[in-house]
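K.L.:
Sequence:
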Amino acid sequence: MPQIEFDDIIINRELHHIHKAGVMMELEPKSFRVLEYLIEHRNRVVPKDELIAKIWEGAAVTDNALTRVIAQIRKALGDDARQARYIETVPTIGYRFIFPLPSDAPAPPLPPQAPEEEPRKINWLVPVGAIVALIAVWFGPYLKSLTSDPSKPRPPRTAQFTTSKGLDMHPSFNPDASSVVYASDKDGKFELYIRQVDGGRDIPITSDGKQNLEPAWSPDGKSVAYTQLASQSIYVMPALGGIPRRLTEFGSQPAWSPDGSLIAFRSEGITSMASPELFPGTDTTIWVVPAAGAKPEQLTQTAMTGGRHSQPRFSPKGRHLAFLSMQPFKSSDLWELDMATRKAAQVTTAGITVSAFAYDTDGASLYLIGHSPEVQSGLYRLRRDPSTRSPIGPPELLTRIDFIEVRDLWINQQGTRMAYMATRATSHIWSVTQAGQAKSLIEDATYRVTEPAWSPDGKKLGYVLRKYGALGDIYISDPDGSNATQITRNPGPDAFLTWAPDSQSVWYLSRLNPNTEVRRVAFADGAERPMATMPALAVQSRIAPDLSAVTVMHNGQLQLFDIASATLRPLAGREGHVGFPCWSPDSKTLAVEIREGDATHIGLVQREGGAVRQITNRPGHAWPHSFSADGKQLALAATWDGFWNIYTLDIATNEIRQLTKNTLGRIFVRYPAWSPLGDPIVYEQHETRGNLYIAELPGAPPAASR
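For the sequence shown, the working numbering gives the first residue as 248, with consecutive numbering after it.
Within a straight-line C-alpha distance of at most 27 angstroms, the following computed BS3-like cross-link-like pairs (lysine-lysine) qualify: (1) K706 to K879; (2) K714 to K412; (3) K879 to K908; (4) K433 to K457; (5) K469 to K564; (6) K412 to K457; (7) K686 to K714.
FRET-style restraints, in silico, Cβ to Cβ: (8) Q684 to Q853: 27 to 37 angstroms; (9) G540 to S425: 26 to 36 angstroms; (10) S750 to G878: 16 to 26 angstroms.
These are computed hints drawn from the structure, not numbers from a lab.
We put the beta carbon where it would ideally sit given N, CA and C, even for glycine.
Please build the complete structure, drawing on both the sequences and the hints.
P.N.:
Following this line, the structure appears as structure tokens:
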């Protein structure tokens, strides 16, 4: 069974998630497998030796390891060893799962089953545990209402619209909101589909295998604009299928003007469909292009807002265009451009960070997916005066959103329905040998397990773990991922550790607004010590293996921060973006990412500075992260075959070897770290899955002229 339910506990076996009374509980992978095994064999006492043999698969472990796992399970379930409700200890023998499951009793006749693709009705006001039970096919939105006061804003009623086990995304309504066009990789590659809201099957409208995404239905219902990942271009095609017409040679995120004459888009293309890459990688801006075809026109400049522009949306009457202004490691604010004067004004202020939005039908008010200090994530409605466009009070929280990410809000023209996608990401540390043999090492029900780094003696592995709602801490484990230990607990995010040459301490970066500290943790006493303070919030920073310097992206330029003198100097002399460096083992050379349009290449620059020597020139993205121990090869992540995979590159001969074989657009791989012993390379593998939902909105305000 994919899901197990008992008492107030729900166990999702596919996602390795446990919810107790509506709260997600953390459980290590081996603990989860022990719990599963006990439940599967609940009609008997399971001996300790059997559990160790089945779960640890012959590894040399003691009873203490099993005792620790059982204690962790009991803590997650809220059980007590002395008065057990779920897991009983049978002294000297083993353990038994004792709580009766619903399936253990005679089952009543089942009602007729709805087709797999039919939506499941969900009321956002019911208890959270019931919501989770209703969306057992996958994870769905885990949402809670804050109030039942009729004078307060009410959350909408919602229904799950798609149920694939891949990634369904980018919903857009036709004019009468009877159908939705969306993108899905349920058949392996992203294609576009149309389905009626009230039932029916998918109608594919693309099938070319070119990774088609971000569909937007035209206001007259006759056409669909979309982004093609293969060519990093925007296309328009007939809504019921036909020959696509290429509209631009760059850009993504198309959005129609209400009269259908223009399509707004952002200038940067798509890197991947994963949530962490929603953030623009360059100083992207908002453009428009006539839907009939002509030269695109730039609407915004990053200097307008001090951020990178994304997610354009026209107001219902087309007089304004809203977009997000996003700053690295800072806020993501909503801005609005007056199409007549071309002046931009900030809509949201500090206190709420916006990740998605949609106009309400009055042309001024907005629905927002946002984060605030008080609420980790939530759906808000920001009421604004249609004449002055000034806020009428602070954003009103409609419902909280926990443990998932909601994206791609779309409101139909009548303001009665909202479509959105809800995603859940999993992240693991994998290893791959030079022969291409890959396996998962470190698994965690969390947002990111990332930035792995080998100790110089190859005996330990460090990495950063970022849980949902947390900023990131550093962990150390054995090379196989076992015996993980958390070593930092700072208020700001910790990132990009570098091992000391003797493998007895780690240095890392801890971001403390407005500065970044270089810190050190010695294993002998576990004490953390600040080693240097950099003058600004540093990004794209890596500490040199000899611990003498740090790379810093400062004022748009790659620079070198000398730890001893606390001074900065320019590093890379080249026009355009140069960043994301990694150090050679001797701390003399850096491999860097060179961005040219919607492609990135790899270059080399010496520590003393000077010209960057470009060494790759393939279409797609190539991101270096580590050198081999002899400094002659690079480990990198690239999309040279259309998907993110791990490669090695011989610097002298330019020989390239592909090690991994990922063929899914919803997966990305990052941060390959080459073992100093020669094998293996470890890396982050991140996967995003999600489905679409449709909400019936609780009444729309009267339409206005904006």
